Amino acid sequence: MADLPLVSRRTALRLLIVGALGLLTACRPTRSPAATATSGSTTAPAATGPPTPSVHGSPAAPTKAELAVKRAAAAEQALLLAYDTAVGQHPELADRLAPVRADHAAHLVALTPGAPTASASASASPSVSPGLAEPTSPGSSGPPPVGSSTNASSAASDQLVVLAGLVSLERQAAAARLDDLAATSGSLAMVLASIGGCEAAHAALLAPA
Amino acid sequence: MSDLESALLAAAAAENAAVYGYSLAGARLADPHQLAVARAAYDVHRAQVQTVTGWLAERSSTPAPPAPVYDLPSPVNDPVTARAALAAIEESTAAAYADVVAAAAGPLQRTAALALQSAAVREARWRTTSVPFPGLLGRIGS
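Just so you know, the sequences run in chain order A and B.
Going by this note's numbering, the first sequence opens with residue 1, and the numbers climb by one from there.
Going by this note's numbering, the second sequence opens with residue 1, and the numbers climb by one from there.
A hint or two may mislead.
To be verified - One-sided and incomplete, this derived list gives chain A residues near chain B with beta-carbon spacing under 7 Å:
#1 Asp103
#2 Ala106
#3 Gln172
#4 Ala175
#5 Ala176
#6 Leu178
#7 Leu181
#8 Gly186
#9 Ala189
#10 Ala193
#11 Gly196
#12 Cys198
#13 Ala200
#14 Ala201
#15 His202
#16 Leu205
In case anyone wonders, no lab produced these hints; they're calculated from the structure.
These numbers were taken from a predicted model, which means no experiment stands behind them.
Yeah, the Cβ is synthetic: ideal placement off N, Cα and C, and Gly gets one too.
My request is simple: use the sequences and hints to build the entire structure.
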């Protein structure tokens, strides 16, 4: 494999994304004429070009590509929460789900330029909020039922339901990235497509054989 | 030559290399289920050669014919090394489609992204684990 000296994998990837996002923001007006008039010449950064006439209505309206990135980042956050919830309910799934969760944490970091690298993994502790638990586990917070054999089998089937829910979420995410990338091109489109590929792979690996 | 045309030519070459790789590495698998999976993947790659060739034809371009021999990404002499090579082959096809996604728009971009997803699924099955950014591994230095 080609190696990039001095640049870690993650850093290189973030550069790819930040570059793509930077291109996005450079292409749209950053300052409305009204804002320029009121603020005068006090804070305009040197790199800012001449003010662009505001023909698109609201001055800071995000572009479609920026919205696509925001949607993708929000989806990664939701997936991280879903995995935390699943592991909270079924600690025995922790080993199996940890690498999948790590992928989503890497996605979120890549989609959040400027965020501290540790932010996505800092929330890794399974501090699950009970209100967000999957709607499939009645009694998981109550006292354990008596009757050990039925208990074990219902726990196993509940685990299958949780996994099926995650598979469904991953499939939805992979499909949503296909929609998102339509508004993008270049390296940003490539990254969104790759994230979707990872999510499709998660669905395949977590689905029953 | 446009970025899109060169990406499509590279995708055709990657698919031809995948067909070759599956015919060689796939034969080293032992498990009947894995053999069946490899045969199905071989068929997918053969079909994708035709699909990509069609995309090129719409742009008045023609891919190079398949080479008689391709370098496998890694030596193959048993089922374990076969799986590793097949995973790397799928990563290469995913990477080729990533470049098409970057250069294309509209339905072709979406179809290429779907092809990337399929390659990522097969890659993960051979590895028995996922990679966070399928198709981008080579270019981010891992």
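Status of each hint after checking the structure:
1. At its closest, the beta carbon of Asp103(A) sits 4 Å from a beta carbon of chain B; the interface hint therefore holds under the 7 Å criterion.
2. Taking 7 Å as the C-beta cut-off, the interface hint given for Ala106(A) holds, the closest approach to chain B being about 4 Å.
3. Because the smallest distance between the Cβ of Gln172(A) and any Cβ of chain B comes to about 13 Å, over 7 Å, the interface hint for this residue is violated.
4. Checking Ala175(A) against chain B: minimum C-beta separation of about 9 Å lies over 7 Å; hint violated.
5. Nearest Cβ of chain B to the Cβ of Ala176(A): about 12 Å, over the 7 Å cut. The hint is violated.
6. This hint holds: Leu178(A) has a C-beta 5 Å from the nearest C-beta of chain B, less than the 7 Å allowed.
7. Nearest Cβ of chain B to the Cβ of Leu181(A): about 6 Å, under the 7 Å cut. The hint holds.
8. Checking Gly186(A) against chain B by beta carbon gives a least distance of about 5 Å; that is within 7 Å, so the hint holds.
9. About 5 Å separates the beta-carbon of Ala189(A) from the nearest beta-carbon of chain B, less than 7 Å, and the hint is met.
10. Given hint, Ala193(A) at the interface with chain B, holds; its Cβ is 4 Å from that chain's nearest Cβ, closer than 7 Å.
11. A cut of 7 Å between beta carbons decides the hint on Gly196(A): the least distance to chain B is about 6 Å, and the hint holds.
12. Interface hint status for Cys198(A): upheld, as the beta-carbon distance to the closest one in chain B is roughly 6 Å, under 7 Å.
13. A distance limit of 7 Å between C-beta atoms decides the matter here; for Ala200(A) the minimum to chain B is near 4 Å, and the interface restraint holds.
14. Interface restraint check for Ala201(A): the shortest CB-CB distance to chain B comes to about 4 Å, inside 7 Å, so the restraint holds.
15. Taken as an interface hint, His202(A) checks out: its beta carbon lies about 6 Å from the nearest beta carbon of chain B, inside 7 Å.
16. Using the Cβ-Cβ criterion of 7 Å, the hint placing Leu205(A) at the interface with chain B is satisfied: the shortest such distance is roughly 6 Å.
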